[in-house]
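Sequences listed follow chains P and W, in order. Number 37 in the working numbering belongs to position 37 of the first sequence; there are no gaps in the numbering. Number 1180 in the working numbering belongs to position 180 of the second sequence; there are no gaps in the numbering.
Treat the hints as calculated values from the structure; they're not laboratory data. Honestly, I wouldn't trust all of these hints.
Said to hold, decoys possible - Below are the DSBU-like pairs computed for lysine-lysine, each with C-alpha atoms no more than 35 Å apart in a straight line: (1) W/Lys1183 with P/Lys389; (2) W/Lys1184 with P/Lys414; (3) W/Lys1183 with P/Lys448; (4) W/Lys1325 with P/Lys401; (5) W/Lys1107 with P/Lys370.
2 protein chains.
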Amino acid sequence: MLSVIRRCSTSAASKPAVYSHRSGAKTKAKKSTSFSLKTPRGTRDFCPAEVIHREATISAIKSIFTNHGGEPIDTPVFELTDVLLGKYGGEASKLIYDLGAEDGGEKYSLRYDVTVPFARFLGANRISKMKRFQIGKVYRREQPVVQRGRFCEFYQCDFDIAGDYPKMVADAECLKIVDEVVKKLNLGPFTTRVNHRSLLGGVLIHCGVPQEATMSVCSSIDKLDKESWNFVAEELQTKKNIPSHVISQLEKFVRFQGDSKDTLQMLEGEIKSPQVGESIADLNLLFSYCNAFQIAPSFDLSLARGLDYYTGMIFETVLTEDDLKTGSIAAGGRYDNLVESLTSRTKKPFSVPCVGLSIGIERIFALLQKRQENPKTITTEVFVASPQKNLLKERMAVCGKLWNAGISAQFEYKNNSKILDQLQFCEANAVKYVVIVGAQEAAEGVVKLKNMATREETVVKEEDIVEETRKRIC
Amino acid sequence: MLSVIRRCSTSAASKPAVYSHRSGAKTKAKKSTSFSLKTPRGTRDFCPAEVIHREATISAIKSIFTNHGGEPIDTPVFELTDVLLGKYGGEASKLIYDLGAEDGGEKYSLRYDVTVPFARFLGANRISKMKRFQIGKVYRREQPVVQRGRFCEFYQCDFDIAGDYPKMVADAECLKIVDEVVKKLNLGPFTTRVNHRSLLGGVLIHCGVPQEATMSVCSSIDKLDKESWNFVAEELQTKKNIPSHVISQLEKFVRFQGDSKDTLQMLEGEIKSPQVGESIADLNLLFSYCNAFQIAPSFDLSLARGLDYYTGMIFETVLTEDDLKTGSIAAGGRYDNLVESLTSRTKKPFSVPCVGLSIGIERIFALLQKRQENPKTITTEVFVASPQKNLLKERMAVCGKLWNAGISAQFEYKNNSKILDQLQFCEANAVKYVVIVGAQEAAEGVVKLKNMATREETVVKEEDIVEETRKRIC
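Bound conformation, chain P alone (with noise of 0.2 Å):
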């Protein structure tokens, strides 16, 4: 495993010394050692360049949500265990970490997504109207895969509309702020593909799939993007005990070669289910929706999404120009049941059908972070050095004034350095200016103003050093 001391030692090493190593050597944590410093299995620590890289993305994908009205929200990294369970589906509900017993016999557990909390929060607070958007860590206990981007501890980015609201609409606005997000982030090429759970479902049952395999055979059709239909229907047949005939009615629609209004034609013409025909319709308001937000997404049964909770229209978001097979960089779905299913065993139940989206954000932090400068972590600028000794106290006088007006500024703190070591410092960390504080400038009350790209210095009264430098800077 490409442990994180060894990204963080190793991007370090790549740049301009942000940080003092005092070792160059990658001190990869070994095996045999008793006593290990590492993070555990599938976490990681970030350096200042990565923290700096993902507050910028962050930044970036925030202002999309607050310009669509949505709202900040913040819960617990734990939630009881009794809220988390039964809403992910089986193979999820493995992957939750839970935290040792208390002693009042309340069980906890970390959060496996955003989006259960969100529901509880919805429910709790019996709110029935709320664009909240949350981005924070999630936890689950999967077996790491680093160059696959796969960790234990990872940051969810969500956007949810929570409401009554007509059909379609806000699922509409779910994929034009995914649309929006992949644009502003210079994502390249993509495409959204849209699927309905109850169409799903419908083409399931005429198919002649019993009621409870619904979900497992989901599971399988959902591997269609990366596997082929043989795969799967070995995997059908095999694995899920699904009748032949079963399958070869199914790989009749999976396999539908046609667009969408093509393919969307063609089920409504096969299978006359209120069912479906009534998704169908739903597709289609959500696709005139789409046209009006001009975005275009496309249709695609094999879309299934893993989540229990979801209940209408499904998509999911991926690169097609994407050397790094990068996967889906964005999903979501209609949940329209989720809240009452928390609130139900409650003395008040509520109901709140919600839309939403996630965002991909590891995904993209590793696109962009591959494609990037690293970013600059320390922006001081305005240094404050001497070239004699002893005049420590004189240096941590401007420097104090410097901060006192808001200016980032440092001083050497060694009371005998070379001011060509300090100079270096400038240079490495891209500083602006110098106050050089010199022994005889300092009996006459000025100091001299160093600008690092020109070279010219300029003498200044001690006086004006704030108001001298704020002018330059600005």
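Starting from the structure of chain P, add chain W where the hints point.
Frame of chain P, contents of chain W only:
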């Protein structure tokens, strides 16, 4: 317990509806309910106004941290239990949340602070020099006292300086940073008390306190800011078994009346030990640097601070005019051995001296929130409305263009909504402009742009709407 649920409901109800509650009733979770939607004991949800308020405060503090050359890092929310154990002292260790055991035998615990994770980060990466800040949630299994702001999940906001520097320079910079933070946030008059662990240790030895009782006696003495001398003396005698002649000796030093200079002079005169002499010299140097920074902390021999890892200067900042009895709003100190103690058990021992500060950000949030207006949580600048029905797609098209131009906009979701209801939303959320899409106007390819403050309406060609809106907003 004032539950989270109620807090959110209350804060939303007391201001123009940011999001709609179906019922205004306070939905306090009842103990008798078999299933509850509450958050875990001692944790809270944060509503939009709270999140925005917190982010503004954090942003103000961050700008001071970066002005001092600080770089951000991020570490996992849980750590290997081994990393945390034995770092905080007996009482604190009991407050650590453990996660359920992992298959691989690794044991994890939620982080108790961000200092030990920083020390682990330094040790793992062998970083010999760094100014880092970290703002994140930490976890303590305390008995929550909501009224006093004591929670089990709360933010810590730390700035630390790692590096082998001349004595007391970085220590003074930490005190300067705290001074800037308190002033920038307008928290009112404050005082910073400073002590030296080594000086306190030397005084205890001089008084005859047995070595093994040092930490325990310190924790009693630390209560002198809240409790009387009699209370502390009683505790020392009955609970800590300190002989009364030792307590009398302690009293002489701890209760000495005088300013910082007098007290240090008295100690220097009374106690002839190299340990005491050296730490007094350290403190005098620290005060001379503080003088250069134009800040004036005071010496207080009774300040002890709870955590085991401190080795040198320690400090605590309290507000002096504070009706809310907030307690300390910043604290910190020097911990020169923490990194070494972590790495000494690995195959690559490494040492780096550190000094740092922690801003009591939760207390500051609480103080500022009481004082300030709730911030605007929806920042929509333009609302796209219709006076007639069946213009939904036309509204969507206009809104889509505004979003594409990065303008914050929303549209009415309903196909048939009263124009008054739409304008009421704008009033409630201080929306500045309304684009009115009318049937006749739509036929003519124009819309109306209404200024909500002046009520002025302008007819604008649909293709010019983005430009005309942007002109007005900027």
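### Query
Any of the earlier hints contradicted here, and which numbers?
No hint contradicted; all consistent.
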